[in-house]
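Protein chains: 2
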Amino acid sequence: MTSKAAPLRLSTTSASFDAEFKARLHWSADADAAIEKVVADILADVQKRGDEAVLEYTRRFDGLGATAMSELELTQADFKEAFDSLPAEQRDALQAAADRVRSYHEAQKKASGESWSYRDADGTLLGQKVTPLDRVGIYVPGGKAAYPSSLLMNAIPAHVAGVGEIIMVVPTPVKGSVATGGAGGQSSTKGERNVLVLAAAYVAGVTRGFTVGGAQAVAALAYGTATIPAVDKITGPGNAYVAAAKRRVFGTVGIDMIAGPSEILVLADGTTPPEWVAMDLFSQAEHDELAQSILLCPDAAYIDRVQAEIDRLLPTMPRAEIIAASLNGRGALIHTKSMEEACEISNRIAPEHLEVSSSEPSRWEPLLRHAGAIFLGAFTSESLGDYCAGPNHVLPTSGTARFSSPLGVYDFQKRSSLIEVSEAGAQVLGPIAVTLAEGEGLQAHAEAARMRLRKI
Amino acid sequence: MTSKAAPLRLSTTSASFDAEFKARLHWSADADAAIEKVVADILADVQKRGDEAVLEYTRRFDGLGATAMSELELTQADFKEAFDSLPAEQRDALQAAADRVRSYHEAQKKASGESWSYRDADGTLLGQKVTPLDRVGIYVPGGKAAYPSSLLMNAIPAHVAGVGEIIMVVPTPVKGSVATGGAGGQSSTKGERNVLVLAAAYVAGVTRGFTVGGAQAVAALAYGTATIPAVDKITGPGNAYVAAAKRRVFGTVGIDMIAGPSEILVLADGTTPPEWVAMDLFSQAEHDELAQSILLCPDAAYIDRVQAEIDRLLPTMPRAEIIAASLNGRGALIHTKSMEEACEISNRIAPEHLEVSSSEPSRWEPLLRHAGAIFLGAFTSESLGDYCAGPNHVLPTSGTARFSSPLGVYDFQKRSSLIEVSEAGAQVLGPIAVTLAEGEGLQAHAEAARMRLRKI
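Those protein sequences? They're chains U and R, same order as listed.
Just so we're aligned, residue 1 is where the first sequence starts under the numbering used here, counting upward by one.
Just so we're aligned, residue 1001 is where the second sequence starts under the numbering used here, counting upward by one.
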């Protein structure tokens, strides 16, 4: 049993810094050919046989001996019953988190998700109509990674966007089944349901649910079966099979990003209690062994104090083994020349979570160009943001914050351009279009514009 | 030589309508294993050997006998020279189109692409910072599909977003080279440059250009070479090799949608001159044999008149063969019970281009939920929108308008959540986060929130 966590110490003044740092950041999600094959077969089978295939895979992988799809459906009554059964403290916490997440996403919709249009001098109307998706599917993992907060973060933006139907799929494997890492062969008509997940479905506004998981759930949502309706987009985290299935159905439906391991980068100027920083590094590391926690700080003595807090606090943590594995394998404490340099390195990483643990966060924020979420000031622990501050916790990982964004209302909307050319406008635009179309050798395009010219 | 175009006639009152219509819409882009293999090899080789590999593939496929990357670079002077060399009419048309596209995208940025934030009652700041991508790559096809208008539609939104560097790649194959469909073996130090494309680069604000194409260009942009800088996102159309390469580098960089064949759907109430509608159907069909043109109309006599115009106009079109192949193979003239039913069918298709060729377009527009662009009224030919009305002509195809949007400023921006929890806010949020984190078994998350509680 390891009980020591010593993240790699690096200094930007070292000649080997760039190479060592690059090696530490490296992570690659190679496609697994065996998984790809299994997933391709399941997708094709569900597309062909529908409910029958879904029932069969659910029996095989989750040990659920259902013989009709109705046994796999979760109703509004199930959601409400779960919510009502919670202790008051959990019920209130879930509701408070949902309310804050909802009001943030409502502000987001107002700021960037409304239709707009204008008329130019010729009376031509130009704009964009923003509309919600008709129907979306949300994948919720079962078992140990069953996070009700993730369901809130996926379903609430969809609900705020105005999506007509939100379909949740969540595996409820029977103990000892293949999906729980067992040998399979067990069978029961009811698997293990996570009450918090069902309660979260209640507060988030989920329309319908099915206790189905894996590639078969993704296939059912993408293609539709007699019972499970085809959706327009599938979001939510899942294991390697789910990720492979989502990648394959992309194009038939929309998908969110495929997430890599979770990361936190803490920029510290040395003014935050070092135990707070140590715990924030832990809170990323406890997710799994591949999670990455990095501290950037211009004060070497402060880094020593954070390491001392790591040593002191680690034995108190229930998930100490996972934390130690993550910090030893992928963590780093980096001594920088300055906060400015720390900001520059952060931009190179484009981290998922970026804490600016400083007494003057607004001084550094403008220097930070790429990050999923920026947590400003010592009181803003990532965990407050993860659960209840309001912004989404589904964020771009593995440097993809260079070009992508947190999950948001915009992911559950789409835009249609609106163009209404007036008769006067057609006279002005026509000759331009004719010239350009002829330059491209597209004479029907030119002729269509020419026909709209007023014959005087 | 065919000179007859007879799109399939269908009626929604027919018992076989659903099946016939579904068959007509069917299109599938199956991955080609041979292309996938070639592309995977080229990507790996460029990642490993950089410029050397780029030069080698450019020699092999495009017949360009360059020995140094500097010979493949296009400079601002090249762009300006091309622009200045154009006849005044083309120069003015290009500039006018660019100006209109720019002002539309500036309106788009203002409507939906600005940072926002607010403080809640506890003084906690919540918001989103919207920033441009640092550097993007734009692929411009060479040869017959070299469309300067596409370059405008890709580069201008990037420029309006504030992208720091816009890198264009465009193959300039030598006649007889593999890329032009020849046997190869030809070699020259200078291939065929499209003056309109270079001039478009000038008006659109492209930073640098390289006369490189195919999977090797995508690889160079995704991974970077000594000469070609790595970008954050690659957009722009290309052939099957380019599409396969973009799919493979997705995740390392962002990409736009992979487009299917272009489509137009015309909803006609019978008030538009039928020759206008016929020409609009042609203007989609002339793109290529797989393009799809569909008319939906409740007036059977009007459909006959459109067919008569098709018969009359087809022989006058330079691209008559392509138009006929497209209309015969994939076109349809559909008699509907009503305009309402036509709108409902349109929603099922979620077309790329949707013309509402009606005297009362604003009556039907609210019924239309899914489309890339909606062209309202008889004067709004798709071709005016394609070139110069202002909105983007890069639109979601193959029904993906159900969940995706026109290319826009938002595709060249990304968002970072901003959270600054005040000390007072931490006291309110802390207990909620603690409860939820413990419910998920994440004790470091709980402890990080607990540490921020004021010790009273």
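These aren't lab readings, by the way, just hints derived from the structure by calculation.
Every value quoted in this text rests on a predicted model; they were computed, and no experiment measured them.
One or more hints might be untrue.
[To be verified] Mimicking EDC-like on lysine to aspartate or glutamate, the simulated pairs with C-alpha atoms at most 20 Å apart in a straight line are:
#  : chain 1 : residue 1 : chain 2 : residue 2
1  : U       : 37        : R       : 1036
2  : R       : 1175      : R       : 1192
3  : R       : 1110      : U       : 321
4  : R       : 1037      : U       : 36
5  : U       : 190       : U       : 56
6  : U       : 337       : U       : 18
7  : U       : 129       : R       : 1440
8  : U       : 175       : R       : 1440
9  : R       : 1129      : U       : 114
10 : R       : 1004      : R       : 1341
11 : U       : 129       : R       : 1073
12 : U       : 129       : R       : 1360
13 : R       : 1110      : U       : 344
14 : R       : 1129      : U       : 52
15 : R       : 1190      : R       : 1036
16 : R       : 1129      : U       : 440
17 : R       : 1129      : U       : 32
18 : R       : 1129      : U       : 360
19 : U       : 129       : R       : 1192
20 : R       : 1110      : U       : 256
21 : U       : 175       : U       : 56
22 : U       : 110       : R       : 1073
23 : U       : 4         : U       : 321
24 : U       : 337       : U       : 32
25 : R       : 1048      : R       : 1036
26 : R       : 1337      : R       : 1018
27 : U       : 129       : R       : 1344
28 : U       : 110       : R       : 1018
29 : U       : 110       : R       : 1120
30 : U       : 129       : U       : 92
31 : R       : 1190      : R       : 1052
32 : R       : 1037      : U       : 32
33 : U       : 37        : R       : 1032
34 : U       : 190       : U       : 52
35 : U       : 337       : U       : 304
36 : R       : 1175      : U       : 321
Structure-based check of all given hints:
1. U/37 <-> R/1036: holds, 17 Å
2. R/1175 <-> R/1192: holds, 8 Å
3. R/1110 <-> U/321: violated, 49 Å
4. R/1037 <-> U/36: Holds, because 17 Å separates the two Cα atoms, which is no more than 20 Å.
5. U/190 <-> U/56: holds, 15 Å
6. U/337 <-> U/18: It holds: about 14 Å lies between the C-alpha atoms, which stays within 20 Å.
7. U/129 <-> R/1440: It is violated: about 40 Å lies between the C-alpha atoms, which goes past 20 Å.
8. U/175 <-> R/1440: At roughly 19 Å apart (the allowed maximum being 20 Å), residue 1440 of chain R and residue 175 of chain U satisfy the hint.
9. R/1129 <-> U/114: holds, 18 Å
10. R/1004 <-> R/1341: violated, 29 Å
11. U/129 <-> R/1073: Not satisfied, since the Cα-Cα distance of roughly 40 Å exceeds 20 Å.
12. U/129 <-> R/1360: holds, 18 Å
13. R/1110 <-> U/344: With a Cα-Cα distance of about 28 Å, the restraint between residue 1110 of chain R and residue 344 of chain U is violated, given a limit of 20 Å.
14. R/1129 <-> U/52: Between residue 1129 of chain R and residue 52 of chain U the Cα gap is close to 47 Å, so the pair fails against 20 Å, i.e. violated.
15. R/1190 <-> R/1036: violated, 29 Å
16. R/1129 <-> U/440: violated, 40 Å
17. R/1129 <-> U/32: Violated: residue 1129 of chain R and residue 32 of chain U sit about 36 Å apart, past 20 Å.
18. R/1129 <-> U/360: holds, 18 Å
19. U/129 <-> R/1192: violated, 41 Å
20. R/1110 <-> U/256: Violated: residue 1110 of chain R and residue 256 of chain U sit about 25 Å apart, past 20 Å.
21. U/175 <-> U/56: The hint holds at about 18 Å.
22. U/110 <-> R/1073: violated, 44 Å
23. U/4 <-> U/321: holds, 9 Å
24. U/337 <-> U/32: violated, 41 Å
25. R/1048 <-> R/1036: Holds, because 18 Å separates the two Cα atoms, which is no more than 20 Å.
26. R/1337 <-> R/1018: holds, 14 Å
27. U/129 <-> R/1344: holds, 18 Å
28. U/110 <-> R/1018: violated, 39 Å
29. U/110 <-> R/1120: Within the cut-off at roughly 16 Å; holds.
30. U/129 <-> U/92: Not satisfied, since the Cα-Cα distance of roughly 37 Å exceeds 20 Å.
31. R/1190 <-> R/1052: This hinted pair holds, its Cα atoms lying about 18 Å apart.
32. R/1037 <-> U/32: The given pair, whose Cα atoms are some 17 Å apart, holds under the 20 Å limit.
33. U/37 <-> R/1032: holds, 17 Å
34. U/190 <-> U/52: holds, 18 Å
35. U/337 <-> U/304: holds, 16 Å
36. R/1175 <-> U/321: Judged against 20 Å, a Cα distance of about 64 Å means the pair is violated.
Hint violations for this structure: numbers 3, 7, 10, 11, 13, 14, 15, 16, 17, 19, 20, 22, 24, 28, 30 and 36, all remaining hints satisfied.
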